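Dock chain B against the given chain A, drawing on the hints supplied.
There are 2 protein chains.
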Amino acid sequence: MNNDLEGLAKLIRYYSLVSTTEAGSGHPTSSLSAADLMAGLLFGGTFRSDLEDPRHPNNDRLIFSKGHASPLFYAIWAAAGKVTEKELLTLRKFNSPLEGHPTPAFRYTEAATGSLGQGLSIGLGMAMNAKYLDKLPYRTYVLLGDSEMAEGSVWEAMEIAAYYKLGNLVGILDVNRLGQRGETMYGHDLSIYKRKVAAFGWEPIVIDGHHLPQIVTAFEQASQMSDRPYMIIARTLKGKGVSFIEDKNGWHGKALKKDELARALRELGPVDRGLRGRIEPPQGAKPARVRSVMAASVTYTTEKPVATRHAYGTALTRLASQYPDMVVLDGEVSNSTYAEIFKKAYPERFFEMFIAEQNMVGTALGLSIRSKVPFVSTFAAFMTRAADQVRMSQYSNANVKFCGSHAGVSIGEDGSSQMGLEDLSLFRAILGSVVFYPSDAVSTEKLVEEMAKHQGICYLRTTRMDTPILYRSDEAFWIGGSKILRSSKKDKATVVAAGITLHEALKAYDALRKEGILIRVIDLYSVKPVDVATLRQAAEDTGFIITVEDHYAEGGIADAVRTALSKDPVPVHGLAVRAMPKSGKPEELLEYEGISAKTIVEAVKQRMS
Amino acid sequence: MNNDLEGLAKLIRYYSLVSTTEAGSGHPTSSLSAADLMAGLLFGGTFRSDLEDPRHPNNDRLIFSKGHASPLFYAIWAAAGKVTEKELLTLRKFNSPLEGHPTPAFRYTEAATGSLGQGLSIGLGMAMNAKYLDKLPYRTYVLLGDSEMAEGSVWEAMEIAAYYKLGNLVGILDVNRLGQRGETMYGHDLSIYKRKVAAFGWEPIVIDGHHLPQIVTAFEQASQMSDRPYMIIARTLKGKGVSFIEDKNGWHGKALKKDELARALRELGPVDRGLRGRIEPPQGAKPARVRSVMAASVTYTTEKPVATRHAYGTALTRLASQYPDMVVLDGEVSNSTYAEIFKKAYPERFFEMFIAEQNMVGTALGLSIRSKVPFVSTFAAFMTRAADQVRMSQYSNANVKFCGSHAGVSIGEDGSSQMGLEDLSLFRAILGSVVFYPSDAVSTEKLVEEMAKHQGICYLRTTRMDTPILYRSDEAFWIGGSKILRSSKKDKATVVAAGITLHEALKAYDALRKEGILIRVIDLYSVKPVDVATLRQAAEDTGFIITVEDHYAEGGIADAVRTALSKDPVPVHGLAVRAMPKSGKPEELLEYEGISAKTIVEAVKQRMS
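In order, the protein sequences belong to chains A and B. Heads up, the first sequence is in our numbering, so the first residue is 1278 and it goes up one at a time. Heads up, the second sequence is in our numbering, so the first residue is 1278 and it goes up one at a time.
FYI, nobody ran anything at the bench for these hints, they're computed from the structure. Accuracy of the hints is not assured; some may be wrong.
Where chains are identical, the list cannot tell them apart; a pair therefore holds if satisfied intra-copy or between any two copies.
To be verified - Think about it this way: if two alpha-carbon atoms lie no more than 35 Å apart in a straight line, the pair counts; the simulated DSBU-like pairs of lysine-lysine are:
1. K1370 <-> K1875
2. K1471 <-> K1442
3. K1875 <-> K1844
4. K1471 <-> K1408
5. K1363 <-> K1525
6. K1531 <-> K1875
7. K1581 <-> K1534
8. K1730 <-> K1784
9. K1621 <-> K1412
10. K1882 <-> K1844
11. K1844 <-> K1769
12. K1525 <-> K1621
13. K1862 <-> K1525
14. K1535 <-> K1621
15. K1784 <-> K1844
16. K1844 <-> K1767
17. K1534 <-> K1875
18. K1766 <-> K1844
19. K1359 <-> K1862
Being a predicted model, the structure only gives us computed values, none of them experimental.
With the rest of the complex left out, here is chain A (with noise of 0.2 Å):
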């Protein structure tokens, strides 16, 4: 591997500034700060990658954690061949795979970045998996920019990965001092970053960051490390080569005007356009297999009730056998969770993340991209420490499961701070997601496994108390489907409920049905997809649909179908949580924000009057 490192270095930084001043927009002086970085980690010999198959389980992995260094990262492939100057020249533009961020669109992408602070999470999936899933010798590169540094989710990374011993990821500091708006928090002092890195278990090395020797040595010497992560803390210049950019305030995300450009190519002198680099492909390993023992089938009887949540932990645990690639992490409450269940069926597929939710997430999506199936549970409440990891999960087609246990305001004492009541909210609004809300251990066990065989971001909402068995255990449940659990000819309204509220809509009917007033009630378990069939079909019947949720009442069940109805639509009236809630028993707490069985007999027979 004899490549002309200070060549390609140059040609990095002339597609860098070429493409984006031809976008307009775009951040030439964030890419040539790490030209030199990359043009080291790439072509400098340590690399391997197979350019014919990205996908290929024993490349090396590079993530541009500083995403809006999108034309460095184009460029590099560029440089590698793999990208024409023609493609190059699409970047930004619509329909070109060269987005304004990486996202999968463009083949090299491992995963779509651009909210800082979230790759080093991601890296470390990948990592995670080739030591402990895959069990393969790749190594995963992460470039991380000296502002994102100021995100708790990055440290969250720094200390799991620490904890789990990943000498195989490698983090890429570069720290070119300047951040958008002026300067970072610790300048060029890279004495702090080593400290900090150091402190959270890291192997730092501090380099000269335009310096190619050095920068080759560094990644040579990160390849040698066996149980430690390693952190290249590297000393940049923003705008390095282009004197009249370089170390500058307020060139942050700004493209060269078309003179500007011509003159910082003066300056960076003759540029080898035939040059290309050469990357060694990676040893042609196989992912280890996994452990897979068939676990008994499971069997609810109607006699004992069961929480929800603990039927998610069976349901993992039974479904390991036909799904080797899933794999569990939670956040240091999987005795809340019932995720301890699976763990200690299957201890090597179980990861222990720890209370923090942000890193557990990307970490999933790594997991994901290397073809794991991650199931991912905390408090519901909690999965929305996470929601910019979720948002960013669905731009990079994540294969994603989570699982948010004590929904609602029914986990009574702990109060509104452990309460998950935005939830549904949260998870409806990921472009092409599924959201499940069961109501018995039955149906938890089948749509866990609509979860598993899905592609895709699935949500699943439990339970904390027990709850009765409903239904049999022959009975289908699947994506985009509903139960009717009551049904007559003379249905005065329809009640709409999942999960805990089902159980107060049934109350309900008993009670109605004494006094000789028949309704619908419908298991609305699938809340994403919504069944519109079933729905149209009740709003016409009924002409009447009252929804009850354990949930504020934007963004869950009333709004989901309210929206299936609205072509048609028949009334409906919304029981949800409406009031500050507070601690106390579960079923004072129903009552209280009115969505018990008493206000939905009071709904129903409002509407009659």
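Coordinates of chain B only, in the frame set by chain A:
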């Protein structure tokens, strides 16, 4: 001050045990580990508070970031004579102020906690207020659990507290080794915490958390700090004082049964239940007045389009003199959100919070509790990063104003990662929130003022690009209002829009009018609460509504409108972002997502055919 610290610590343990057993749930073991620390803090002579006036501006502040130790929190105020034994026994009961996790229902609670890792940010806001705004000598103390140190948000607070040289902020880290489901990442290795804390610029001291003289000395030293925040890292035992639960796994969040309590109390020995600790009141200092200068009023002319994000910055600056408690925080994007306009005019009331959104929101909450009116800005997309902090702020009666810029696909070339497409959903699902989405500079000006006037959580969504001025400077806007921009007796449909899509709706109006088709156009600038009367009238008059929003289909304007019409519904056709967003020109993307004038025209015509 000669409090009997040993006796008070024992009394606090007694109360923590008895109240949780009576409640039948709660966290006695997590309370016992920090009992000596809290006895030493409150009654050791350093802490200053006027117990008759918990909101006294110069009281020392105490925040239980480990909110699950609420039995301890209530016990210390009982030991101070401010909670009766009878009240203690209402712990976790419906309508008791002593909730499962502290909330403002209890008068000595500074802020609701219980979602771990958030307390230090809140304390930071209070300390920042003391040092830079009120200029008062009070100190802020935050009790932290060791498990929650895994949360990235804690390290955001650490770095920013050091950056702002908050020597008046004291962390108390209760290293009891055990988390919820087992040992923490570092167990009792306090040296790791010390290294990390020091690396983040704090002054660490390691003590035995059950040795009262060491504790008292540590707090005395802490009160000598001038410009470095101080972290007391205390080695403690979970369940300390009761042998069969002390330092034992499996006792997290479990109340003792009656017989276990009896055993525990025998071990504890005689308790002086008449003992009360004395706390000295603070100096009667008053908050400093902030500089207040009259700003010129702003007049927008119809000739020149202005971005609503720019109008936000201008409005803040104009209002600063009328609202002297207003402060502005931004997440390192003030030149994009235009918070920088305020920063330039009032640098002493602007705080750069760097790229650490979680801490920014927690800090804002702390400032708001100390009577400031914080305006917090970043890209709308990155508000999701702090979704859990936003969620928790609603339980602290927060008075925080959020501004998310760069909403929607109309930002263009930067691509999906930078597009706020779920922010309306996020903020609508906050109890009692106000959500504004102005379409021009004049309404932005007026709505920022409404936010400043209103007590509570408000969100303002702004647009990247320049948009035409629609309103005269004397037009009035209010919470729950809307504007009918086009209307006639012959309207065939109503188009409800806000922000960028309102301009598309107006274009659609013009195009349709040329063909002799009239529509009503409503500017729904107040997305929550929504103008039900105007929407109902439009539904009645036109029988058909089209909503158009640069936001995902769930949780935004369509849902708000359907909810408003749920009693007498008409068909609502929702145009929203439904295809995978990407880079491109704003107009290309509006077209691609089906939220442009063209799609509106088509939808109207389809309805009429």
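Going through the hints against the structure:
1. K1370 <-> K1875: between (57 Å within a copy, 21 Å between copies)
2. K1471 <-> K1442: Close inside one copy (19 Å) and across copies (21 Å); limit 35 Å.
3. K1875 <-> K1844: Classified as both; 31 Å inside a copy, 21 Å across copies.
4. K1471 <-> K1408: both (25 Å within a copy, 30 Å between copies)
5. K1363 <-> K1525: within (30 Å within a copy, 66 Å between copies)
6. K1531 <-> K1875: Only across copies: K1531 and K1875 sit 32 Å apart there, 61 Å inside one copy, limit 35 Å.
7. K1581 <-> K1534: Intra 72 Å, inter 25 Å, cutoff 35 Å: inter-copy only.
8. K1730 <-> K1784: Result: close within a single copy only, 34 Å intra versus 45 Å inter.
9. K1621 <-> K1412: For K1621 and K1412, the Cα distance is within 35 Å only inside one copy (22 Å; across copies 55 Å).
10. K1882 <-> K1844: Close inside one copy (27 Å) and across copies (16 Å); limit 35 Å.
11. K1844 <-> K1769: both (21 Å within a copy, 16 Å between copies)
12. K1525 <-> K1621: Classified as between: cross-chain Cα gap 20 Å, same-chain 56 Å, threshold 35 Å.
13. K1862 <-> K1525: between (61 Å within a copy, 29 Å between copies)
14. K1535 <-> K1621: Between. Shortest inter-copy distance 32 Å satisfies the 35 Å Cα cut-off; intra-copy 63 Å does not.
15. K1784 <-> K1844: both (31 Å within a copy, 25 Å between copies)
16. K1844 <-> K1767: Classified as both: same-chain Cα gap 24 Å, cross-chain 22 Å, threshold 35 Å.
17. K1534 <-> K1875: Classified as between: cross-chain Cα gap 33 Å, same-chain 68 Å, threshold 35 Å.
18. K1766 <-> K1844: both (24 Å within a copy, 24 Å between copies)
19. K1359 <-> K1862: Intra 62 Å, inter 26 Å, cutoff 35 Å: inter-copy only.
Violated hints for the displayed structure: none, as all numbered hints are satisfied.
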